Amino acid sequence: MLFFILKRLSQSILVMAIVSAVSFSLFNFVGDPVNNMVGQDATREQRVEIRQQLGLDDPVLTQYTRFLGNMLQGDFGLSYRIKRPVDELIFERLPATLELVFVSAIIALLVGITMGVYTGIRRKSWASRAILSISLVGVSLPTFIIGIALIYIFAVHLRWLPSSGRSGTVDLGWWKTSLLTVDGWRAIILPAITLSLFQLTLILRLVRAEMLEVMQTDFIKFARARGLSERAINFRHALRNTLVPVITIIGINIGGLIAFSVITETVFQWPGTGLMFIQAVDFVDVPIMAAYLVFVALLFVLINLVVDILYFVVDPRIRLGD
Amino acid sequence: MTDLLKIDGLDVEFPTRRGTVKAARGVSLTVSPGEVLGLVGESGAGKSTIGNAIIDLLEAPGRVSAGSILFEGEELRGRNEAEMRRIRGDRIGMIFQDPQTSLNPLMTVGAQLVETIEKTNDLSATKAEERAIELLEQVGITEAKARLQAYPHQFSGGMRQRVVIALALAGDPDLIIADEPTTALDVSIQAQILDLIKQLCRQRELGVIIVTHDIGVIANIADRVAVMYRGEVVETGDVAQILGAPEHEYTKSLIAAVPRADRKLDRFSSVDYIEGGTKPFQRIDIQTHWLGKSLHDRRSGAAIEVENLGLSFVLQKSVLKRNRKMLQAVDDVTFTVAEGETFGLVGESGSGKSTVARLIAGLYRPDAGNIRVIGQDVVSSPRSAAAREARRALQMIFQDPYSSLNSRMRVLDIVAEPIRFYKLTSSEAETRKIVGDLLDHVGLGAKAALRYPHEFSGGQRQRISIARALASRPRILICDEPTSALDVSVQATILNLLKDLQQELGLTMLFISHDLPVVRQMCDRIAVMRHGRICEVSETETLFSAPEHEYSRHLLDLMPRMDLLGSARA
Amino acid sequence: MQQDHPMTRWERFKDNDIVWSFLHSPGAIVAAAITSIAILACLFAPLIAPFDPFDPSQISLWDGKLPPAWIEGGQPQYLLGTDNQGRDMLSTILYGGRLSILVGLAAVCLGMVLGVTLGVISGYVGGVTDAVIMRIADVQLTIPGILLAILINGIGRAFLPLELRQEFAIYVVIFAIGLTDWPQFARVARGATMVEANKEYVQAARIIGLPGWRIMLRHILPNTLRPVLVIATIGLALAIIAEATLSFLGQGIPPTTPSLGTLIRVGNEYLFSGLWWITFFPAIALVVLVFAVNLLGDWMRDALNPKLR
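Chains as they are written, first to last, in the numbering used here: chain A, 1 to 322; chain B, 1 to 570; chain C, 1 to 309.
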């Protein structure tokens, strides 16, 4: 067990090391940092001074160590474009993104798992076939098209909900939330549905596939032969065995939500970190790109760790060793 | 005595896209309380179908199309799902083949027992737990109370099968259907499980149906036997009569094909009733034929020399050496196989016998020791030309006929691969001619060359494997359980073919098997292996008449009681 | 199955379970039909399209923002209307779809070749090689594809001098998507390889003395293609979506030679002013295309998984 945790932990550290190396090389190799700092028309002397200030003439390894040190303190320097500390910018926009991802994840998990179980159990029913066909359309709909469609229907045509932005926020001092007011909910509901739809269909289809797979196993057949009730077989035996692979995918899917929040935020002009990242890419604003990368990788690593711990809870074969 | 179960004229069909397959035709059987009925037949005979049909768990799209199933005087056909559920577990219990997969891996054994007991007996939770402990004790599990909290993966295979039996007994059924209950288990555990089933049957006045392909199991446990062939029951009778004086032609050839443990015969009895399609062994003039070319540089001496061979596998990785769990798969193994000899390696699963074969074949690298093939060291410099040349003289026949052929290649390309790769012929036309000869030689006919492996049965595939091995013009043939995946009748024909080839080509053979009667028929000398070590090496007849090592005696004792067979063949 | 004559290739083809399942699955036939029509229509866009949207002499700003032909104000020669610059929507969609399909195919091929090669080697050779390749794949898989594609794409563009960015945008996009795709292929190919490598026919080939590359190429590769094909089909749908997404975000194909995603991006700006057709038709084209490919992949996955049949 200790070995298992250590292995996962070392893998996480490896991921972070590689990601930090990538974001470090972003700083060094993408564009000319000096140009980005002072603009094209600075004098030669100014450039030399800035190079020395930034330590750009030091050996690469020294620079990397310094970068790592700064990174661990959350210091990614100043944004080239906005000229403000990057960590400050990220923390400002973090609540918007996390709330969006949170609401989407709840929708995707609740609806996805319920429907997946239903279609897995009632394989032949009319409703299952309908859900399954619709879900295939769902997998084929790019997130941004869902967003545009929802905006057109609910904001432009019906005028029920706002088309963009994050209104009705309440400042809790350390966190600006939109989950406490009706306005806030009205603003978040369209982006959240948009973001969740794709992952929802993926989860649905996966849970169904896993249910069908488990239903083929010998122990289900043996449970049937013992005359256990349909409910006991479906939920106590089949669903629990489905959970192990499903948990993995749910971890990946929450990662997917964070990634696709970039697109959703762009469509809805939602003031989160994703929108900031896309704008940074447009202007090659390296400090923000690098920080976002490290930040997202950190989130993923944390999610994967939670997933591993869940494995432990669910599967005695891992918990107790073989 | 009244019948517990009476099946009359049962038909089971499986509609497929190539037409309806009748898995059972007009099957009639009876089982009385306290009686073990053996339902025996080879693969595809429809024996498992009968068991599934009784409790209405046929795999889709199978269905019972005619006949009646009377259980304690009541008709079971046409019951709805809710009624069947009350019969399953409560009145008819089922035991499946593989204890590894029969239990839910995520629930404790106790929870699975309690759940079943509660369903069938309507007891309170504490009462149900007491009953669970009782059941586990009855099937011979010690410290039952503590074991309730354990998960299936914490039990050994034999123990798991005991848990499965306890689960089948939980509803206090009157009939138990056991579908190949010991096939996935080692011989020594097999005997214990069969004893347990027999004892439960007598104590509780249970009716038991044992579905099996293994005549040994039947001889050990059954009171009466029904023999199935292609969906029909061809013969029913008392166990002594079926094994000792079979009447139906099929039963006769089936019994004749069972390898004898009591004495060595020259050849296995031929079983024309079953594999009628196979052509007889075709003699070719080995002195002039391509296949005989390797014979000319023959020396007498040792074909395989193995010295202090050792190999261990890592079971559990760890950074720290002391935390690593290692399995010593092969431990200080030494033996020599003389040219032209058939040398047997026997042992239970996990004894390391297959690993030794793979070490000699060069599929694994040993940690310790040395291997010489025809005098050539193949361990210290495995990539040298001499070592490769020596290895080419050594070919292997594998256990599983379904995975040992590449399903994407034609038989021609499979057999011709070594010929083409080593350019053993001067032209493609010659290669094709030789492949045709080889296929003729192993009894398949040259026309087989243009087909794909999936068009052949298990026995025929094994013949293709043999042809492929011969195409390298080997001097040594390693046979790793070559017939253990085959039906007993097919086994006899393949073993006869191997014997013929060996005689004709003067092959040296290393024969690996867990099946002592087969080994007795095939081998000149035998090494008995256990836990990666060799217990003893003896002449075959010495081993069977006067085994030296304690473990050899134990293995011999476990051999199925076949004395019933004697009269039929004497 | 014991005929005297071996079956001909065609008989064997028809007898094949997968072909049989295809011929008996209406969804799969429809999907295959839509996919092939879409691919053909797009590939032959220059022959089919009524206008050449890249030929300035055929475009007139006077014809801009015309609605589809069946709506009042529409003109018969512009069946699906025109965009803000007066280009015929039908023609731009055909040309755009062509670009989307080509980029998708190229990206999937890149990912597949890279992934399958590495996966088969990883699975067959094992040991340190396997560990290194799979760790890299694992690390990459922790980061969702689309994010990585945006990043690779962004970096790729940053490296190019400004004047070349438009010209090379399409290759950068292919590279970005292909490079994010490979771990999927590598994982599947490695898994299949490990299953196959343990099978006895591979051991038999080793005992015959065949060299590793020959075993991988002749024995293992053909036997891993089924699962790879499923992944490739689903991967094609995902790659088309990824390209569209990148272009929609303004990170992909530039508006001068628009793909479907670019068209939707451009049209989106006119959505609020009621010019819905500039967004609607490219979006429908994209969704139908992706849906057909997904339907095909879905059927294939079921057909190739014998357990569920």
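Keep in mind that the hints were calculated from the coordinates and are not lab data. For clarity, every value in this text was computed on a predicted model and none was experimentally measured. Take these hints with a grain of salt, some might be off.
Unchecked claim - Derived DSS-like pairs: lysine-lysine, alpha-carbon spacing no greater than 25 angstroms straight-line: (1) A:Lys7 to B:Lys325; (2) A:Lys221 to A:Lys83; (3) B:Lys447 to B:Lys423; (4) B:Lys22 to B:Lys6; (5) A:Lys221 to B:Lys22; (6) B:Lys423 to B:Lys433.
Quick rundown of the hints versus the structure:
With a C-alpha separation of about 17 angstroms, the suggested pair Lys7 (chain A) and Lys325 (chain B) falls inside the 25 angstroms cut-off, and the hint holds. The suggested pairing of Lys221 (chain A) with Lys83 (chain A) is violated, with an alpha-carbon distance near 65 angstroms, which exceeds 25 angstroms. Note on Lys447 (chain B) and Lys423 (chain B): the hinted pairing holds, with a Cα-Cα distance of about 23 angstroms set against a maximum of 25 angstroms. At roughly 21 angstroms between alpha-carbon atoms, Lys22 (chain B) and Lys6 (chain B) fall within 25 angstroms of each other, so this suggested pair holds.
For the hint linking Lys221 (chain A) to Lys22 (chain B), the alpha-carbon distance of about 23 angstroms falls within 25 angstroms, and the restraint holds. This hinted pair checks out: Lys423 (chain B) and Lys433 (chain B) have alpha carbons roughly 14 angstroms apart, not beyond 25 angstroms.
Hint compliance for this structure: hint 2 is the single one not met.
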